[in-house]
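One line per chain: the protein sequences are Z and V, in this order. Under our numbering, the first residue of the first sequence carries the number 157, and numbering increases by one thereafter. Under our numbering, the first residue of the second sequence carries the number 562, and numbering increases by one thereafter.
Hints in this document: simulated from the structure, not taken from any laboratory. Predicted model only: the values in this text are computed from it and were never measured. Treat each hint with caution, since some may be false.
Stated by the list, open to error - Below are the SDA-like pairs computed for lysine to any residue, each with C-alpha atoms no more than 20 Å apart in a straight line: (1) Z:Lys235 - Z:Val267; (2) V:Lys662 - Z:Asn188; (3) V:Lys662 - Z:Thr252; (4) V:Lys583 - Z:Lys235; (5) V:Lys619 - Z:Ile256; (6) Z:Lys235 - Z:Ser223; (7) V:Lys610 - V:Arg674; (8) V:Lys610 - V:Gly577; (9) V:Lys662 - Z:Val216; (10) Z:Lys236 - Z:Asn188; (11) V:Lys662 - V:Thr613; (12) Z:Lys236 - Z:Asn219; (13) V:Lys662 - Z:Ala195; (14) V:Lys662 - Z:Asn255; (15) V:Lys630 - V:Asn602; (16) V:Lys610 - Z:Gln158; (17) V:Lys662 - Z:Gly251.
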Amino acid sequence: SQTIHQWPATLVQPVGSPLSLECTVEGTSNPNLYWYRQAAGRGLQLLFYSVGIGQISSEVPQNLSASRPQDRQFILSSKKLLLSDSGFYLCAWSGTGLNIQYFGAGTRLSVL
Amino acid sequence: AQSVAQPEDQVNVAEGNPLTVKCTYSVSGNPYLFWYVQYPNRGLQFLLKYITGDNLVKGSYGFEAEFNKSQTSFHLKKPSALVSDSALYFCAVRERSNDYKLSFGAGTTVTVRA
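Whole structure, please, built from the sequences with the hints as guidance.
Next up, the structure:
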């Protein structure tokens, strides 16, 4: 069966510091991968999605970037964090066809 | 463009009573519709989907949803709520011409009191 791993679970970073969040998927090949941000426990904002290695689509211009160095690895990065980058970050994957998205457990990021 | 509205921020019900969480959508053409549930500080869990066919869809944990094309709605229902159903529920939609992007509603917090 397929599983998705996200880490770390929580992260506290100072303003201006770099960020790297990692997401990996097991048990499937060539998944579609997604990064979302959820603010204040409410709606989800799609940040990036990827349909293959090195292919990244950005949905919202901002202080973040994403990379997909391997088929089942998706990384969310920032060179300098802002206070407004605080939130709950969720990684998801989907297969072909119906493309139901399955989510990781999330990373709680606090920028202080 | 695709979008979802969940008109209720909160729904409160007593255990054993029926539970309904409302969702309306807007798409070009026919939609794919989904419900997810989120427990505190966790990721979203997939509950059920509507693709085509029977308008009443059954999913995990006793939940079901009814697709109504004329009202562009996809309300989530459970005949008898449990305290453990207390969580945040999200409706999501995807146009059939769009392979990747889901649009989520703002979420509805369900509280089931004992």
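Hints, one by one, checked against the model:
1. Z:Lys235 - Z:Val267: Distance of about 13 Å is within 20 Å: holds.
2. V:Lys662 - Z:Asn188: Roughly 10 Å between the alpha carbons, so the hint for Lys662 of chain V and Asn188 of chain Z holds.
3. V:Lys662 - Z:Thr252: holds (13 Å)
4. V:Lys583 - Z:Lys235: violated (41 Å)
5. V:Lys619 - Z:Ile256: It holds: about 16 Å lies between the C-alpha atoms, which stays within 20 Å.
6. Z:Lys235 - Z:Ser223: Satisfied, since the Cα-Cα distance of roughly 13 Å is no more than 20 Å.
7. V:Lys610 - V:Arg674: Measuring from Cα to Cα gives roughly 27 Å; hence the hint is violated.
8. V:Lys610 - V:Gly577: violated (24 Å)
9. V:Lys662 - Z:Val216: Judged against 20 Å, a Cα distance of about 13 Å means the pair holds.
10. Z:Lys236 - Z:Asn188: violated (27 Å)
11. V:Lys662 - V:Thr613: holds (19 Å)
12. Z:Lys236 - Z:Asn219: Holds, because 8 Å separates the two Cα atoms, which is no more than 20 Å.
13. V:Lys662 - Z:Ala195: holds (19 Å)
14. V:Lys662 - Z:Asn255: holds (9 Å)
15. V:Lys630 - V:Asn602: violated (34 Å)
16. V:Lys610 - Z:Gln158: holds (19 Å)
17. V:Lys662 - Z:Gly251: OK: Lys662 of chain V and Gly251 of chain Z at ~13 Å, within 20 Å.
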